[in-house]
Amino acid sequence: MQDGRIVIPAGGTGPAADPVRPIPTPADCGTTPIAARPAPTHPEAPRSARRARGAATLPVGCGELGDLVRTYDWARTPLGPIADWPQSLIFAASTVLLSPVPIVLLWGADGIMIYNDAYSGFAGGRHPQLLGSKVREGWPEVADFNDHVMRVGLAGGTLSYRDQELTLHRYGRPEQVWMNLDYSPVFDEDGKPAGVIAIVVESTERVLAERRLRESEALFRTLAQGIPQLIWRAGNDGACIWVSPQWIAYTGQGDDRSLGWGWLDAVHPDDVATARTAWQEAAVSGQLSYEHRLCSAGKRSRWFQTRAAPVRDGEGRIVEWLGTSTDIDDLRQLQERQQVMVAELQHRTRNLLGVVRAIAKQTMALTGPGELFKQRFNDRLSALSRVQGLLSRSDQEPITLRTLIETELAALNAPAAQTRIRIAGPVVRLRKATVQTFALALHELATNALKYGAFTAPQGSLSVTWRICQSEEGRRLLMDWVEEGLVRPPEARDPPPRSGYGRDLIERALPYALKARTHYALSETALRCTIDIPLPEGETAGSLP
Amino acid sequence: MTSTTALTGRRVLLVEDDYFIAIDLKTWFEEGGAEVLGPVPSVDEALALIAGTDAIDAAVLDINLQDELVYPVADALRARGVPYLFATGYDPAAVPPPHGAVALCQKPIDPQVVARALFG
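Protein chains in written order, with the numbering used here: chain A, -15 to 529; chain B, 1218 to 1337.
Any given hint could be a false lead.
[To be verified] Derived lysine-lysine pairs resembling DSS-like cross-links, with alpha carbons at most 30 Å apart: (1) A:K358 - A:K435; (2) B:K1243 - A:K176; (3) A:K118 - A:K176; (4) A:K345 - A:K416; (5) B:K1243 - A:K499; (6) B:K1243 - A:K416; (7) A:K416 - A:K499; (8) A:K345 - A:K435; (9) A:K283 - B:K1243; (10) A:K358 - A:K283; (11) A:K345 - A:K499; (12) A:K345 - A:K358.
What the hints contain is simulated information worked out from the structure, not anything from laboratory work.
No experiment lies behind these values; they were computed from the predicted model shown.
Just chain A, with the same shape it has in the complex (with noise of 0.2 Å):
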């Protein structure tokens, strides 16, 4: 009988085997062997062992394979005929032929192939040439790793390797593949290493789905820790099972309290119930919107904008949510602020358009209609656009005392007078809302000072000059405006030109609106005018221009 350690293949039951026997799965994926035990030391096999050369044949059948073997000339290989095939070998052909995995039978020392269909088709390019060869010279690329395993295996030995990394030229060129391979001794008649079996599976497809998978997962969390989103996923309840570096370095919590419902806890805690009414909403709809404010690790809470789509199995059902949270808050305090620009817009615009009605009517009350109600309408139109181009870039480019007289003064368009005037003080900038009359005041005192002071005199000048006071009513600015040298026509004496509109805005205007003190000196020579007005903290710049 066999010998028990000689596992021999039911072979020559016909070609008839079961394709449905389970193949053991490699349970590691080294590329090292994983099992390489020592030779196991044969006794001297009984006689009775040898059987008759050829008492044995291959089975029929066996595929493709199967009828190459039988027509194959052996007698030309260190084989010899199959008629004179030891019935060791005839056993372990059929093994080989009839199985559905790919196996190479290398018998002899110099391994001669025999293999069968599964084989042939990882063979490639090699097939069919490759049946009867040694195997050095079947496969010359990986002749050296060939030549250890039939040293190995014709010692007793058996070697197996889990995704083996190798360079083969199945088709003319160098491909890279990889394999599990399971080597084991199959023994002669006389319990010596005849041959070696070779399982030969190949799973260069599956390592390389594994490389992009692992590739593909690395992009992901590239992408998942470069973006500046927070990024998590949940469950379709909502329960988070994984957050990305990025919430955690927001929020400051570990994974361990950022899980499950723990999430909430970094949600500001006027938005948990927006939050949950959105988890509530989403499990229905499908979609997963909502803004709410995060806080964040000792630090004022943001508004953020999360959003997530739904990871759904092959039946459509919601598995999990893949989900970013997105920092808003910028973006929100820009559309507050606009909000806010717009309606203070609205307000300076209509509040504009009752001045300018007031204006047009106290005019005509002084001018009458006709050419001079024109002219000073005009006149004071501008000065109120000029005065409008300023604010409108105030929040660039704070308005400042000196701005507001340098342009009323500009506008008089009177290059010759320009020489004879001074304008002294500290930087001093001015509220938004004291502005507006402020100018309307300094265009009255100009344009007074071009149609009857200083700049009607060949010897006139103007000198407007402030400072800024401490008193006990807190800090106040003081302005003079003084136009010297004055000739006055005598025609101006009576009744003085100067006590009309402009007098009036000085002496009520500015009192009522800035809660100004105001003094109108008006002599033969000389016009001197100081207003004095509250500066809370806030209208100076400190320095100079």
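Since the structure of chain A is already known, use the hints to place chain B on it.
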């Protein structure tokens, strides 16, 4: 011009920080026969005026007085049962409740509308 005659003898408080608009309103109310209290440009002055005046028939309040809001004045008037309306450049939507319930005239205001709103 029935609304104008409705002003005759009425004592109307005006709170408006802009001098030009304040004078315009004052002139108009006076031309209609009303007696104008103020105008005053600030909350403090308005509250002082209210406290020192026995009879006030109505008030017209600008909402934004330079850097303060007129609402304390509105509260004081409501406490005394004095009808008032807001004259403002803001949208009605920008006026917060409970003041939002009070009549609101958008600037530039139409005196006829003001008179009708206050005295029917």
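Taking the hints in turn, this is what the structure says about them:
1. A distance of roughly 16 Å separates the Cα atoms of K358 of chain A and K435 of chain A; the hinted pair therefore holds under the 30 Å criterion.
2. Straight-line distance between C-alpha atoms of K1243 of chain B and K176 of chain A comes to about 127 Å, which puts the hinted pair past the 30 Å bound.
3. Of the pairs offered as hints, the one joining K118 of chain A and K176 of chain A holds, with about 20 Å between alpha carbons and a cut-off of 30 Å not exceeded.
4. For the hint pairing K345 of chain A with K416 of chain A, the CA-to-CA distance comes to about 25 Å; that is within 30 Å, so the pair holds.
5. Of the supplied pair hints, the one linking K1243 of chain B and K499 of chain A holds, its CA atoms being roughly 19 Å apart against a limit of 30 Å.
6. Annotation: proposed proximity of K1243 of chain B to K416 of chain A holds, straight-line Cα distance about 25 Å (limit 30 Å).
7. Taking the CA atoms of K416 of chain A and K499 of chain A, the gap is about 15 Å. The hint holds against a cut of 30 Å.
8. In summary, the hint linking K345 of chain A to K435 of chain A is supported, as the alpha carbons are separated by about 22 Å, within the 30 Å threshold.
9. With a C-alpha separation of about 52 Å, the suggested pairing of K283 of chain A with K1243 of chain B is violated against the 30 Å cut-off.
10. Distance restraint check for K358 of chain A and K283 of chain A: the Cα-Cα separation of roughly 60 Å exceeds the 30 Å cut-off, and the hinted pair is therefore not satisfied.
11. Distance restraint check for K345 of chain A and K499 of chain A: the Cα-Cα separation of roughly 24 Å lies within the 30 Å cut-off, and the hinted pair is therefore satisfied.
12. Taking the CA atoms of K345 of chain A and K358 of chain A, the gap is near 12 Å; set against the 30 Å cutoff, the hint holds.
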